[in-house]
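Chains as they are written, first to last, in the UniProt record's numbering: chain A, 1 to 357; chain B, 1 to 393.
FYI, nobody ran anything at the bench for these hints, they're computed from the structure.
Wrong hints could be hidden among the right ones.
Pulled a few chain A residues facing chain B out of the computed Cβ check, cut under 10 Å [what the hints assert, rightly or not]:
id, residue
1, VAL237
2, ARG248
3, GLN254
4, ALA261
5, ALA282
6, ALA341
7, ALA346
8, LEU348
9, GLU353
10, PRO357
Listed next, the in silico SDA-like pairs over lysine to any residue satisfying Cα-Cα at most 25 Å (straight line) [what the hints assert, rightly or not]:
id, chain 1, residue 1, chain 2, residue 2
11, B, LYS384, A, GLY252
12, B, LYS353, A, HIS258
13, A, LYS241, B, TYR347
14, B, LYS384, B, ARG129
15, A, LYS244, B, ARG372
16, B, LYS384, A, GLN254
17, A, LYS241, B, ARG381
18, A, LYS244, B, ASN367
19, A, LYS244, B, PRO377
20, B, LYS389, B, GLU199
21, A, LYS46, A, ARG172
22, B, LYS389, B, PRO43
23, A, LYS241, B, ASN367
24, B, LYS353, A, ARG172
25, A, LYS244, B, ARG381
26, A, LYS329, A, THR182
27, A, LYS241, B, LYS89
28, B, LYS353, B, LEU239
29, B, LYS384, A, PHE246
30, A, LYS332, A, THR182
31, A, LYS241, B, GLU371
32, B, LYS89, B, GLY45
33, A, LYS329, A, PRO180
By construction, the Cβ of each residue, glycine as well, lies at the ideal position given by its N, Cα and C atoms.
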Amino acid sequence: MSDLLYSEEEEALRAAVRDLLTDHCDAAGVIARTETDTPHDLTAWKSLTEAMGLAGLLIPEEYGGQGAGHREAAVVLEELGRAVAPVPYLTSAVVATEALLECAAGRTLTELAAGRRIAALAVGLHTAPGAAFPAVRLENGTLSGSLTGIADAAVADVLLVPADDGGLYAVRAADATVTPRTSLDLTRPLADVALDGAPGERLGEAEPAVRRALRTGAGLLASEQLGLADWTLAETVRYLKERKQFNRSVGGFQALKHRLAALWLETAHLRAAARGAADALATGEDADVSVAVAQAYAAPVAVHAAEEALQLHGGIGMTWEHPVHLYLKRAKADSIAYGTAGAHRAALATLVELPAP
Amino acid sequence: MTDAAELRQRTRDLLAAHPPASTDRLDFLRARFDAGLAWVHFPEGLGGLGAPRTLQPVVDTALAAAGAPDNDPRRIGIGLGMAAPTLLKYGTDEQKQRFLRPLWTGEEVWCQLFSEPGAGSDLAALGTRAVRDGDDWVVDGQKVWTSSAHLARWAILIARTDPDLPKHRGITYFVCDMTDPGVEVRPLRQITGEAEFNEVFLTGVRIPDTRRLGEVGDGWRVAQTTLNNERVAIGGRRLPREGGMIGPVARTWRERPELRTHDLHQRLLTLWVEAEVARLTGERLGQQLAVGHPGPEGAGMKLAFARLNQEISGLEVDLLGEEGLLYDDWTMRRPELVDFTGREAGYRYLRSKGNSIEGGTSEILLNIVAERVLGLPAEPRTDKDVAWKDLAR
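Could you put together the complete structure from these sequences and hints?
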């Protein structure tokens, strides 16, 4: 049976990431940044990667990484989720990194591990692990075509692009046209990518690399969703103890206590599911089922937690000033990212032999 | 401190001195108790060795492999899970010596006389009276939802000894002899048709003061030991995948393709995922207990278990369609063992309705989670400083 707890090292890692985000990634700053041309917080990113080496958690030591694993990366994602940190960790240090690992792209991995570069897999964020994905045209050795819905592409230095010869190509962002889109999730914005005769370096086969990248992305996304749910619940409980109406703490009303208790229970369950997926990805045992279970469960819980937080905050929750909307937008976007809960349930129907009629 | 190696050696010695194949079942169980291998975390002389509780599987596994008989723990769950920890914590030496050995071997079955028709969620409001008369207490009242009462030799009983005090302070805890005059047990038939439980009427039952557990008036505190162990017993099981209520419906789905519809498929997959995540949560709780850090998840496990059992068994009746309109048997019976996943879909559907009522209603458990885990304000209390006799009823 998988290990569903956190090790002492993992708790120490959590504490270090939380400290850093408390200092560098406060809610007011994140909200202000969303309305600038640079919604990503590259200062926090530099601290997480260059100073702490966290971009290299999944990368073996021979490529300059930490040679840690999915369990540790999951803990980092919990904390990034708690802070809705606008950094490309999931997209670059997890998803693109997994694709590069599948292709054994040593040089790029070394650059990612060192925090010198950011990569993005040029596959739409909504794509489920088993789903088809678009490819650009390979003509006379260059790449042409357009791809939509690429998360964090605006800060990527390297784009990992599937082409119609079945290959995965590394394309310098400078050789592509990256157009930011107005996105529901302010802290993980999407962009469209257009290539017009762009040079690319063939890394390997696209199909296994993309499949592996999306499966890991889906599995570890559950830990980010856990972080979102954990923060929204804790913050709502804190606020309802403090908020007085009818000469009482609002948190003393049974109708609200029961909703918060139910949410706590869902979050406790999500923690087990997310740890199960992270551990399964680390060991490779039962990974397909564990990832599908975690994603089928996590998305509705994170959305529910954010929606409850907004409602239970009352009017203040509806304001731009209060950070709960950042969590709602992230949770809702996450419920589509790397496949909806329904897509993961459909995958389970096959995996656990409960076929459709 | 006793370690695993020593427990293995003691188990080998027990098996050598009392070979299971040629030893009477009860003789073997008594010998196991006397060897301190019954519950290793209990003290020496009371069936244990003062070893860590986590080492119990070392003994159980070795004995099972040797084909040794067990004490049929499901049959005596109330004794093992609730009476024993309470006797251990609050019993006198004489009480522990008298009761624990036959309790563990199953020679004497125990039941629990707590709930009353007028005291369910508000158990501390109970009205069964115990009045001192010389060296005895004379008990009158009515208890309800008592499983095993018709099989039991002994009961743990809480009764009101001082109606002039506020409700939590006037209660005393006793051990009641179920064979005494004045104890009448009647089956309580439930919606499944059978009677797992009983009503127990107590009329002028005389209990010697030597069978009091804890101080006079301290019964509520003593009962907390019993009740805390009950919730652990109900929520804390570790299961394989599809090990619970989802198992039968998944099997039916696989074996009966003609029953499948798209609507049922979506419901099945959603509940399968929830059941698997609940299983993982129970597993995680078990791992926390094993390393000595029990998490607050325990408080919520029964909530999840009750809701899932109800939704899954409801789905199963729907899945069966025409067959779902039938029921296996309404005959009034008195089962010795209760299996929530036993019998057929209709039984499972009806029996699981009790899961959100027995052992603390889901509404009370939500209060407990909100107050003890999340630290939200307690419900307003109007009964705290009022004498029990003056409470509304």
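Results of checking the hints against the structure:
1. VAL237: 5 Å, holds
2. ARG248: Hint holds; ARG248 of chain A Cβ to chain B Cβ min 7 Å, cut 10 Å.
3. GLN254: 7 Å, holds
4. ALA261: 4 Å, holds
5. ALA282: Constraint on ALA282 of chain A not satisfied, violated at 15 Å.
6. ALA341: Holds, about 8 Å.
7. ALA346: OK, holds: ALA346 of chain A within 10 Å of chain B, min 8 Å.
8. LEU348: 6 Å, holds
9. GLU353: 6 Å, holds
10. PRO357: 4 Å, holds
11. B:LYS384 with A:GLY252: Holds, at about 18 Å.
12. B:LYS353 with A:HIS258: Holds - the C-alpha atoms of HIS258 of chain A and LYS353 of chain B are around 20 Å apart, at most 25 Å.
13. A:LYS241 with B:TYR347: Outside the cut-off at roughly 43 Å; violated.
14. B:LYS384 with B:ARG129: It holds: about 20 Å lies between the C-alpha atoms, which stays within 25 Å.
15. A:LYS244 with B:ARG372: Holds - the C-alpha atoms of ARG372 of chain B and LYS244 of chain A are around 21 Å apart, at most 25 Å.
16. B:LYS384 with A:GLN254: Given pair LYS384 of chain B, GLN254 of chain A holds - Cα atoms ~19 Å apart, limit 25 Å.
17. A:LYS241 with B:ARG381: 18 Å, holds
18. A:LYS244 with B:ASN367: Measuring from Cα to Cα gives roughly 20 Å; hence the hint holds.
19. A:LYS244 with B:PRO377: Since the Cα atoms of LYS244 of chain A and PRO377 of chain B sit roughly 12 Å apart, the hinted pair holds (cutoff 25 Å).
20. B:LYS389 with B:GLU199: Roughly 24 Å between the alpha carbons, so the hint for LYS389 of chain B and GLU199 of chain B holds.
21. A:LYS46 with A:ARG172: 20 Å, holds
22. B:LYS389 with B:PRO43: 41 Å, violated
23. A:LYS241 with B:ASN367: Holds, at roughly 15 Å.
24. B:LYS353 with A:ARG172: It is violated: about 61 Å lies between the C-alpha atoms, which goes past 25 Å.
25. A:LYS244 with B:ARG381: Roughly 19 Å between the alpha carbons, so the hint for LYS244 of chain A and ARG381 of chain B holds.
26. A:LYS329 with A:THR182: 13 Å, holds
27. A:LYS241 with B:LYS89: 37 Å, violated
28. B:LYS353 with B:LEU239: Within the cut-off at roughly 21 Å; holds.
29. B:LYS384 with A:PHE246: 23 Å, holds
30. A:LYS332 with A:THR182: 15 Å, holds
31. A:LYS241 with B:GLU371: 11 Å, holds
32. B:LYS89 with B:GLY45: Roughly 15 Å separates the two Cα atoms, so the pair holds.
33. A:LYS329 with A:PRO180: Distance of about 17 Å is within 25 Å: holds.
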